[in-house]
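Line by line, the protein sequences give chains A and B.
Under our numbering, the first residue of the first sequence is numbered 91, with each subsequent residue one higher.
Under our numbering, the first residue of the second sequence is numbered 7, with each subsequent residue one higher.
Treat the hints as calculated values from the structure; they're not laboratory data.
Please note that the accuracy of each hint is not assured.
Straight-line alpha carbon distances no greater than 25 Å define the calculated DMTMM-like cross-link-like pairs of lysine to aspartate or glutamate that follow [said to hold, decoys possible]:
1. A/Lys98 x B/Asp259
2. B/Lys74 x A/Glu151
3. B/Lys183 x B/Glu30
4. B/Lys284 x B/Glu30
5. B/Lys232 x B/Glu217
6. B/Lys239 x B/Glu30
So the chains spell out like this:
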Amino acid sequence: MENSSRRKFLGLCLGGVAAAATGAVIYPVYQYLAPQAGSSSEKKVVIPEKDVPEGEAKFFEFAGASAVLIRTRQGGLIALSAVCTHLGCIVQWEKNKQEFLCPCHGGLYTAEGTVISGPPPKPLAKLPFTVENGNITIG
Amino acid sequence: MTLLKRMYDWIDVRLGARELVDKELFGYLLPRNINVWYSMGSILLFIFAFQVVTGILLLIFYVPDSEKAFGSVTHIMNNVPFGWLIRMCHVVGSNMMVLVLLFHMISVLFMGSYKRPRELNWLTGFIIFNLVMGISLTGYLLPWSQLSFWATTVATNSVGTIPVIGQYLVEFLRGGKLVGPATLGRFYALHVAVIPLTIAALVGLHLFLLERIGVSTPPFGLKDTKNNWQSDKFRYEGHPDGIPFFPNYALQDMTSIAVYLAFFLAIVFFDPYLFFPKDAFIAANPYQTPAHIKPEWYFLANYQTLKIFPSEFLGLAVQGVAMTFLALLPFIDRGNERHPLKRPLFMACSVGGILLWIGLMIWGHYS
Ligand code: FES
Chain A
91 MENSSRRKFL GLCLGGVAAA ATGAVIYPVY QYLAPQAGSS SEKKVVIPEK
141 DVPEGEAKFF EFAGASAVLI RTRQGGLIAL SAVCTHLGCI VQWEKNKQEF
191 LCPCHGGLYT AEGTVISGPP PKPLAKLPFT VENGNITIG
Chain B
7 MTLLKRMYDW IDVRLGAREL VDKELFGYLL PRNINVWYSM GSILLFIFAF
57 QVVTGILLLI FYVPDSEKAF GSVTHIMNNV PFGWLIRMCH VVGSNMMVLV
107 LLFHMISVLF MGSYKRPREL NWLTGFIIFN LVMGISLTGY LLPWSQLSFW
157 ATTVATNSVG TIPVIGQYLV EFLRGGKLVG PATLGRFYAL HVAVIPLTIA
207 ALVGLHLFLL ERIGVSTPPF GLKDTKNNWQ SDKFRYEGHP DGIPFFPNYA
257 LQDMTSIAVY LAFFLAIVFF DPYLFFPKDA FIAANPYQTP AHIKPEWYFL
307 ANYQTLKIFP SEFLGLAVQG VAMTFLALLP FIDRGNERHP LKRPLFMACS
357 VGGILLWIGL MIWGHYS
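Input sequences plus hints: build the corresponding full structure.
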C-alpha cells in the first residue's frame, strides 16, 4: 500500500517535470514561429495627390494587405481594398472600362467597388482617407 | 485507458506490435557488465535529431545569399522571438556533437569493440565522423561573418597543397578563385541537404549492423577478455543471461541524455559565446583579413600540423595517413585481446595519440 502510493507520487512528479519540460520547449518554438507583431501594423499610408491622375489607379500596401486608390474620370477619389471578396485574389484596374476585373474567376466590380457580375458575394471594402495639402492619407 | 488499450490492440492485430515489443525491447538482452559508455550512441542520436530540428527552424529565417546572410542571422539573433535560443542551441549542439562523437570513438577503442566481427561498424562510424566534421565546416560559412569567411578561406586553401590537381580542387570547392557567393551556394546545399541525408543513411546502416551482429561485451570485470569470434559462419552474438534493453538500459540512455542536456544547457545559458570569437560578429569583408584567424577547436590540431611541417604537402599527407590508419584500424589491429590493460602497445599508441592531438590543439590555440 505504502509502496504503491509512493509509486503514484513519483509518477506524478515525473509527469509534472516532463510536462514542464515540454512546455519550456514548445513556448519558445511557438513564439519563434508565430507571426510577428508590427509586420502588418495599422500604419497610415500617405500618397501625394499627383501620383493618381484622372482615370488611373494606384496600388499600395495597407495594413498588411493590398489596397488601391483611384481617381475617376469625374475627378472623385476612392480608396478600396484590392482583395477580391470571392477567394482573395487581387483585382486589376481596367482603365478603358473604368472597372475592376478579378482575373481569378472573372469577378467584375465598378470603380466604386460594387459587384457588376461574377462570383464575388460582396462589394470591395471601402477604406477611409483624408486629403490635405496635396497629400492623401489613408487610414 | 481502455481507449488506449483498444487502439494498441487494433495495431497489434495488424502489425504484431506486442511480439515486436517483446522481441526488440523486453527481449533484447544486453551483456550484464554493460556500462555507461554504451549510451554515447543514444546521446548522439538525440543530438543529431536536435540539430535537424533547430536547423529546420533556422532555415525559416536564414537567407543563403552573400548580401543578406549576415543580416538574416543578425535578425534571427536580435529580432525574432527566441531566435537567439534556437541559433545558440544549433551552434553549441554542433560542438557537442563532435565532442560526444569523440567520446564514443575513444570508448569503442579502449573496449576493443571495433574488432572482428565489427569492422564494418567501425568503418561506417568513422565515415559518419568525417561527415560530421564536414557538416560543421560547411555550416561555419553560412553566417557569412569575418570568421566564417576567413576560416573557410584557410580551410579550403589547405587542399591546394595536393600536387597537380590541388589548385583546381580548391577552385572546385569554392566555385571560383576565391571564397565568394558561389561558395556560399554550394556549402549551403551540402550543409542542409547532401551531408545530413548521407549521415542519416549511414546512421541507419550503423544501427542495422549493431542490431544484426549483436552488442559487444565490454572487457571489464570478466576473467576471459579474449575475442572468441569464429570466422567459419555468421553467428548473432546474443547475451542469453543478460539484462533487457527495456526498461534497464533504456533508463541508462535517458539518464545519459539528461546529463548531457544539463551540460549543454549550462553552456547555452551561462556561456553562449564560448564558441564565438569576436570576428563572428562582424560581417564578412573579402578585402580585409582579420588577425589571428583560427579554426574551430576540433580542427586546431589539423591546422597546427599544417603549420609545423616544412612543406604544407607533407603536413597534409601525414594527416591523410593518420586518418587512413584510423579508418582501417580493425583490419590492422587483429589481436584477440580486448582488455585495454592487456594490450600495452595499443595503450601506449592510443594514449600517446590522444595526448598528441590535445597538445597540437593547445599549441594551435596559442600559436
Ligand atoms: S477570387 Fe476574385 S473572382 Fe474568384
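Quick rundown of the hints versus the structure:
1. A distance of roughly 23 Å separates the Cα atoms of A/Lys98 and B/Asp259; the hinted pair therefore holds under the 25 Å criterion.
2. For the hint linking B/Lys74 to A/Glu151, the alpha-carbon distance of about 24 Å falls within 25 Å, and the restraint holds.
3. Taken as a hint, the B/Lys183 and B/Glu30 pair is broken in the structure, with Cα atoms around 53 Å apart against an allowance of 25 Å.
4. Using a Cα cut-off of 25 Å, the hinted pair B/Lys284 and B/Glu30 is violated, with the two alpha carbons roughly 49 Å apart.
5. A hinted pair counts as satisfied when its Cα atoms are at most 25 Å apart, and B/Lys232 with B/Glu217 qualifies at roughly 22 Å.
6. Taking the CA atoms of B/Lys239 and B/Glu30, the gap is near 24 Å; set against the 25 Å cutoff, the hint holds.
When each numbered hint is compared with the structure, violations occur for hints 3 and 4.
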